[in-house]
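Make the full structure from the sequences, and use the hints.
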Amino acid sequence: MGALMPVAPPRRLLRPPRAEGSPGALASHLSKAITVNGDLESDGELHIYGNVRGQVCADRLVVGPGGYLEGDVIARDVHIEGRLAGRIFALNVTLDSAAEVTGRIFHNTITVAKGARIDARMPWRPPSYFETLEQLPEVRQ
Amino acid sequence: MSMFNRNEKDPNTGVAVGEKPAEFTPAPVAAASVVKPPQPSVQPVPEIAVAKSAGPSVISKALKITGQLESTEDIRIDGEVEGDIHGVSVTVGSGAKVKGSVYGQTVELAGTIEGKIEAKKVILTSTAHMSGDVIHQDIRIESGAYIDGHCRPGTNKVDNKPMPKPN
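Which chain is which? The protein sequence lines are Z and A, in order.
Here the first sequence is numbered in the numbering used here, starting from 1 and rising by one per residue.
Here the second sequence is numbered in the numbering used here, starting from 1001 and rising by one per residue.
Treat the hints loosely; a few may be bogus.
[As the list claims (entries may be wrong)] Listed below are several chain Z residues computed to face chain A (Cβ distance under 10 Å; list not exhaustive):
1. SER31
2. ASN37
3. ASP39
4. LEU40
5. SER42
6. ASP43
7. ARG53
8. ASP59
9. PRO65
10. GLY66
11. GLY67
12. ARG117
13. PRO126
14. SER128
[Claimed, not checked] Covered by chain Z, according to a simulated footprint, are these stretches of chain A (three or more residues, beta-carbon under 8 Å):
15. 1057-1063
16. 1069-1080
[As the list claims (entries may be wrong)] Computed beta-carbon distance windows for the label pairs:
17. GLU134(Z) <-> GLU1114(A): 25 to 33 Å
18. THR111(Z) <-> ALA1054(A): 21 to 29 Å
19. LYS1121(A) <-> LYS114(Z): 43 to 51 Å
20. PRO16(Z) <-> THR1127(A): 24 to 32 Å
Derived by calculation from the structure, the hints in this document are not laboratory data.
Cβ atoms here follow ideal geometry from the backbone N, Cα and C, with glycine treated the same way.
Written out as structure tokens, the structure reads:
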């Protein structure tokens, strides 16, 4: 079984831009009471107020106050008001004053509010870098 | 969202919004109502769920989770989960798909589960598709539900399970 599986073309990590309209139906919400161990893949919005350990792919990711994410993020927009340990690969990154980020922030545009705690390198990349991202780079120390 | 707050000045009165005098002369008010300022660029600030840090977790139909979920509160699943789910009240909406075991006090199924349900109260609605065993103390099955598996009343095993404690 599965021996004749067609070879899928390499999958792009960044989700294609989602069509306008009814984004509310696509918004997911992980409350502060939840703990997720695993990978999350969403074509819509994802709000994290709880604990998540794993890789996250989304159109837009919000780590709300009290939220904690340990892992890599691939998204168009990332907004952090909580804590994040890992790497961000996003076109637009905003770090709120309550944000605590360690790792790396690969971005095209970034906004950092006064008070944000950041212990991270922030390499700039052109939009094409994110659009064609198929595999995350190795973690280098 | 405080990062986006500016102490904007009212274009008509030149008085900062935050520091309006308590006594307000009627003239500027009238002016303000007549001359409509150009649509203030108040974006619908994306504070969609600022007040929702508590409350149920929602896995929308756009989301796929590969891994374990554990919550001390309610979970609603409309998307896809590959892995076990531990919750208090777990609702699997129609169109949702779960591959794995679902544990909780109450499990309501309108979608598809391939795995096991272990809960005190189980509700299978008419659109439910259950492949696997159901261990329950109280079950309701609506006409139209599909079950392929054993339905058996849970012994006290359910009670002895270390339920997630509320914070």
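For each hint, the structure was consulted:
no. : hint                                 : verdict
1   : SER31                                : 5 Å, holds
2   : ASN37                                : 5 Å, holds
3   : ASP39                                : 5 Å, holds
4   : LEU40                                : 5 Å, holds
5   : SER42                                : 4 Å, holds
6   : ASP43                                : 4 Å, holds
7   : ARG53                                : 8 Å, holds
8   : ASP59                                : 8 Å, holds
9   : PRO65                                : 7 Å, holds
10  : GLY66                                : 6 Å, holds
11  : GLY67                                : 8 Å, holds
12  : ARG117                               : 14 Å, violated
13  : PRO126                               : 25 Å, violated
14  : SER128                               : 25 Å, violated
15  : 1057-1063                            : holds (count 7)
16  : 1069-1080                            : holds (count 7)
17  : GLU134(Z) <-> GLU1114(A): 25 to 33 Å : 30 Å, holds
18  : THR111(Z) <-> ALA1054(A): 21 to 29 Å : 28 Å, holds
19  : LYS1121(A) <-> LYS114(Z): 43 to 51 Å : 50 Å, holds
20  : PRO16(Z) <-> THR1127(A): 24 to 32 Å  : 30 Å, holds
When each numbered hint is compared with the structure, violations occur for hints 12, 13, 14.
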